[in-house]
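Q: Sequence:
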Amino acid sequence: AGGGSGMTGTSASSAAAAAASAMDPASLLMNTQLASALSLTGDAQYWEESISPSTIRQELAAADPSNPSSTPNILRGMKWLLASISKGRNVSDFYPHVVKLVGAVSLEVRKMVYMYLVQYADHDATTRELSLLSINAFQRGLA
Numbered sequence: 001a002g003g004g005s006g007m008t009g010t011s012a013s014s015a016a017a018a019a020a021s022a023m024d025p026a027s028l029l030m031n032t033q034l035a036s037a038l039s040l041t042g043d044a045q046y047w048e049e050s051i052s053p054s055t056i057r058q059e060l061a062a063a064d065p066s067n068p069s070s071t072p073n074i075l076r077g078m079k080w081l082l083a084s085i086s087k088g089r090n091v092s093d094f095y096p097h098v099v100k101l102v103g104a105v106s107l108e109v110r111k112m113v114y115m116y117l118v119q120y121a122d123h124d125a126t127t128r129e130l131s132l133l134s135i136n137a138f139q140r141g142l143a
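Quick note on numbering: the sequence shown equals residues 1 to 143 in our numbering.
Think of the hints as simulated: they come from the structure by calculation, not from any bench.
Among the hints, a few may not be true.
Beta-carbon label-pair distances, calculated as ranges [unchecked claim]:
no., residue 1, residue 2, range
1, Asn67, Phe138, 18 to 26 angstroms
2, Pro72, Tyr114, 17 to 25 angstroms
3, Val118, Arg57, 17 to 25 angstroms
4, Gln139, Ser50, 33 to 41 angstroms
5, Asp64, Phe138, 12 to 20 angstroms
6, Gly88, Ser54, 31 to 39 angstroms
7, Gly88, Asn136, 26 to 34 angstroms
8, Asn136, Ser69, 22 to 30 angstroms
Pairs of lysine to aspartate or glutamate, EDC-like flavour, derived with a Cα cap of 20 angstroms [to be verified]:
no., residue 1, residue 2
9, Lys111, Asp64
10, Lys111, Glu59
11, Lys111, Asp122
Quick caveat: nothing in here was measured; it's all calculated off a predicted structure.
Don't be surprised by glycine CBs; every beta carbon is placed ideally from N, CA and C.
Can you build the whole structure from these sequences, using the hints too?
A: Put into structure tokens, the structure is as follows:
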């Protein structure tokens with residue numbers, strides 16, 4: 001599923017590691033984990049610029065996390081967001097769309113959502129407020 005780019009998961013991981021070398025240790029660990037998660041699933045196409053942010057925003061906004069048929073679109077959006085984070089991009093403006101996915105039926109989606117939320121939960125006043133509002137959804141997920 002390389003999208004014809006010729007880029008392998010290994011070269012994507014190497015690119016992420018090189019880009020992350022100038023970061024602090026916590027960011028480096030987070031970016032290494034993100035790159036590893038993406039390369040294991042063979043999704044190197046998410047390192048390319050082939051998907052527009054507005055498309056991802058529309059897919060995440062329209063997604064119903066309780067409907068399993070929405071899972072492929074949610075996964076696509078979350079993989080793109082995590083790849084963008086690994087590349088050092090600020091994708092915090094997607095926070096309202098991502099936080100509503102905490103209760104998704106797919107464990108894979110929830111893991112990606114948690115990784116994103118860890119990165120941006122304390123980014124600004126809006127994300128902190130939305131994080132507080134999502135606590136009930138987290139508690140339901142742990143029950």
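Q: If a hint holds in the structure, say so; if it doesn't, say that too.
A: Hints and how they fare:
1. Asn67 <-> Phe138: 18 to 26 angstroms: Distance hint for asparagine 67, phenylalanine 138 holds at roughly 20 angstroms.
2. Pro72 <-> Tyr114: 17 to 25 angstroms: holds, 19 angstroms
3. Val118 <-> Arg57: 17 to 25 angstroms: holds, 21 angstroms
4. Gln139 <-> Ser50: 33 to 41 angstroms: Taking Cβ atoms as reference, glutamine 139 and serine 50 lie about 38 angstroms apart, which means the hint holds.
5. Asp64 <-> Phe138: 12 to 20 angstroms: Once the Cβ atoms are compared, 19 angstroms apart, the range 12 to 20 angstroms for phenylalanine 138 and aspartate 64 holds.
6. Gly88 <-> Ser54: 31 to 39 angstroms: Violated, since glycine 88 and serine 54 (Cβ atoms, about 20 angstroms apart) do not stay within the stated range.
7. Gly88 <-> Asn136: 26 to 34 angstroms: Given range 26 to 34 angstroms: holds, Cβ gap about 32 angstroms.
8. Asn136 <-> Ser69: 22 to 30 angstroms: About 25 angstroms separates the Cβ atoms of asparagine 136 and serine 69, which means 22 to 30 angstroms holds.
9. Lys111 <-> Asp64: Roughly 17 angstroms separates the two Cα atoms, so the pair holds.
10. Lys111 <-> Glu59: holds, 18 angstroms
11. Lys111 <-> Asp122: Holds: lysine 111 and aspartate 122 sit about 18 angstroms apart, inside 20 angstroms.
Consistency note: the structure conflicts with earlier hint 6 alone.
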